[in-house]
Amino acid sequence: MKKLLFFTVVMFLMGVNYIPVSAEKQHKHDSKGMEQAIDHFILDQFSDELKQAVNDFYKKDSIRIQYNWWDKNYDVVELEQWEKGRELSHPYIIKFTVQTYDGNKKGQLGTDTITFGVSPLQFNKELDEKNLTASKVELLNYSHGDPSKGKN
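Everything in the sequence shown is counted per our numbering, starting at 59 for the first residue and increasing by one.
Source of the hints: derived by calculation from the structure; they are not laboratory data. Check before you lean on any hint, since a few could be wrong.
In silico SDA-like links for lysine to any residue, alpha-carbon gap of 20 Å or less [unchecked claim]:
#1 Lys109 / Asp97
#2 Lys153 / Asp97
#3 Lys109 / Ser120
#4 Lys118 / Asn162
#5 Lys117 / Lys164
#6 Lys109 / Tyr159
#7 Lys194 / Gly161
#8 Lys194 / Leu101
#9 Lys194 / Lys130
#10 Lys118 / Gly175
#11 Lys194 / Lys118
#12 Lys130 / Ser177
#13 Lys117 / Glu93
#14 Lys194 / Lys164
#15 Lys194 / Leu167
#16 Lys109 / Lys130
#17 Lys117 / Asn162
#18 Lys194 / Asp133
#19 Lys153 / Gly165
#20 Lys163 / Tyr116
#21 Lys109 / Val135
#22 Lys109 / Gly175
#23 Lys117 / Lys194
#24 Lys109 / Asn199
#25 Lys109 / Glu145
#26 Lys117 / Leu167
#27 Lys194 / Pro149
#28 Lys194 / Glu145
#29 Lys164 / Tyr132
#30 Lys117 / Gly161
#31 Lys109 / Glu196
Fair warning: this is a prediction, and the values are worked out from it, not measured in the lab.
Generate coordinates for the entire structure from the input sequences, incorporating the hints supplied.
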């Protein structure tokens with residue numbers, strides 16, 4: 059739940075256009091560097107949900123997850139936002155493409171795509187209103203892809 063709290067804070071901050079800040083030393087990130095940082099942050103926030111989805115799919119606890127950041131055929135993390143004209147089932151849809159391995163055997167099991175629907179607190183009146191960063195996460199789809207064929 060803590061991870062979802064941080065994720066919601068990041069999503070909120072992404073909506074803020076300008077916040078004046080002063081720092082000892084400015085760090086400059088290009089858009090690609092910023093996207094990578096956000097992707098890593100989101101992966102950290104969803105690590106438990108990803109592990110659970112993979113274990114449920116393969117019916118094993120020994121499955122390892124890896125990410126192929128260099129494959130040009132897909133993005134490891136894809137984020138979509140609901141907007142007028144592009145209505146989604148949830149305010150945010152997050153799709154992860156992961157490579158799965160059995161920790162007890164050699165060889166890749168698959169390149170799998172796991173999709174979650176995320177609804178921050180403002181869309182979930184049933185969650186504790188004192189918790190400003192709570193989100194509800196729902197597994198929408200688990201798609202297994204053959205490891206030799208890349209993305210499913």
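Structure-based check of each hint:
This hinted pair checks out: Lys109 and Asp97 have alpha carbons roughly 17 Å apart, not beyond 20 Å. Annotation: proposed proximity of Lys153 to Asp97 holds, straight-line Cα distance about 11 Å (limit 20 Å). The straight-line distance between the Cα atoms of Lys109 and Ser120 is roughly 10 Å, inside the 20 Å bound, and the hint therefore holds. The suggested pairing of Lys118 with Asn162 holds, with an alpha-carbon distance near 10 Å, which does not exceed 20 Å.
A threshold of 20 Å between alpha carbons decides the hint, and for Lys117 with Lys164 the separation of about 18 Å falls inside it, so the pair holds. For the suggested pair Lys109 and Tyr159, the alpha carbons sit about 12 Å apart, so the restraint of at most 20 Å is met. Note on Lys194 and Gly161: the hinted pairing is violated, with a Cα-Cα distance of about 30 Å set against a maximum of 20 Å. Using a Cα cut-off of 20 Å, the hinted pair Lys194 and Leu101 holds, with the two alpha carbons roughly 16 Å apart.
At roughly 31 Å between alpha-carbon atoms, Lys194 and Lys130 are farther apart than 20 Å, so this suggested pair is violated. At roughly 24 Å between alpha-carbon atoms, Lys118 and Gly175 are farther apart than 20 Å, so this suggested pair is violated. With a CA separation close to 25 Å, the supplied pair Lys194 and Lys118 exceeds the 20 Å bound. With a C-alpha separation of about 29 Å, the suggested pair Lys130 and Ser177 falls outside the 20 Å cut-off, and the hint is violated.
Pair hint Lys117 plus Glu93 does not hold up; C-alpha atoms about 33 Å apart against a cutoff of 20 Å. For the proposed pair Lys194 and Lys164, the alpha carbon gap of about 36 Å is over 20 Å, so the pair is violated. Of the pairs offered as hints, the one joining Lys194 and Leu167 is violated, with about 29 Å between alpha carbons and a cut-off of 20 Å exceeded. Distance check on the hinted pair: Lys109 and Lys130 sit about 24 Å apart at the alpha-carbon level, beyond 20 Å; violated.
For a cut-off of 20 Å, the pair hint linking Lys117 to Asn162 stands: about 14 Å separates their Cα positions. Proposed proximity of Lys194 and Asp133 is contradicted: the alpha carbons are some 24 Å apart, above 20 Å. Between the alpha carbons of Lys153 and Gly165 the distance comes to roughly 24 Å, so the proposed pair goes past 20 Å and is violated. For the hint linking Lys163 to Tyr116, the alpha-carbon distance of about 14 Å falls within 20 Å, and the restraint holds.
For a cut-off of 20 Å, the pair hint linking Lys109 to Val135 stands: about 15 Å separates their Cα positions. A distance of roughly 16 Å separates the Cα atoms of Lys109 and Gly175; the hinted pair therefore holds under the 20 Å criterion. Using a Cα cut-off of 20 Å, the hinted pair Lys117 and Lys194 is violated, with the two alpha carbons roughly 24 Å apart. Between Lys109 and Asn199, the direct Cα distance comes to roughly 14 Å. Compliance with the 20 Å bound is thereby established for this hinted pair.
The hinted pair formed by Lys109 and Glu145 fails the criterion: a straight-line CA distance of about 28 Å is larger than 20 Å. Among the hinted pairs, Lys117 with Leu167 is consistent with the structure: their alpha-carbon atoms are about 13 Å apart, no more than 20 Å. Under the criterion of a C-alpha separation no larger than 20 Å, the hint pairing Lys194 with Pro149 is consistent with the structure, at around 11 Å. For a cut-off of 20 Å, the pair hint linking Lys194 to Glu145 stands: about 18 Å separates their Cα positions.
At roughly 24 Å between alpha-carbon atoms, Lys164 and Tyr132 are farther apart than 20 Å, so this suggested pair is violated. Taking the CA atoms of Lys117 and Gly161, the gap is near 13 Å; set against the 20 Å cutoff, the hint holds. This hinted pair checks out: Lys109 and Glu196 have alpha carbons roughly 14 Å apart, not beyond 20 Å.
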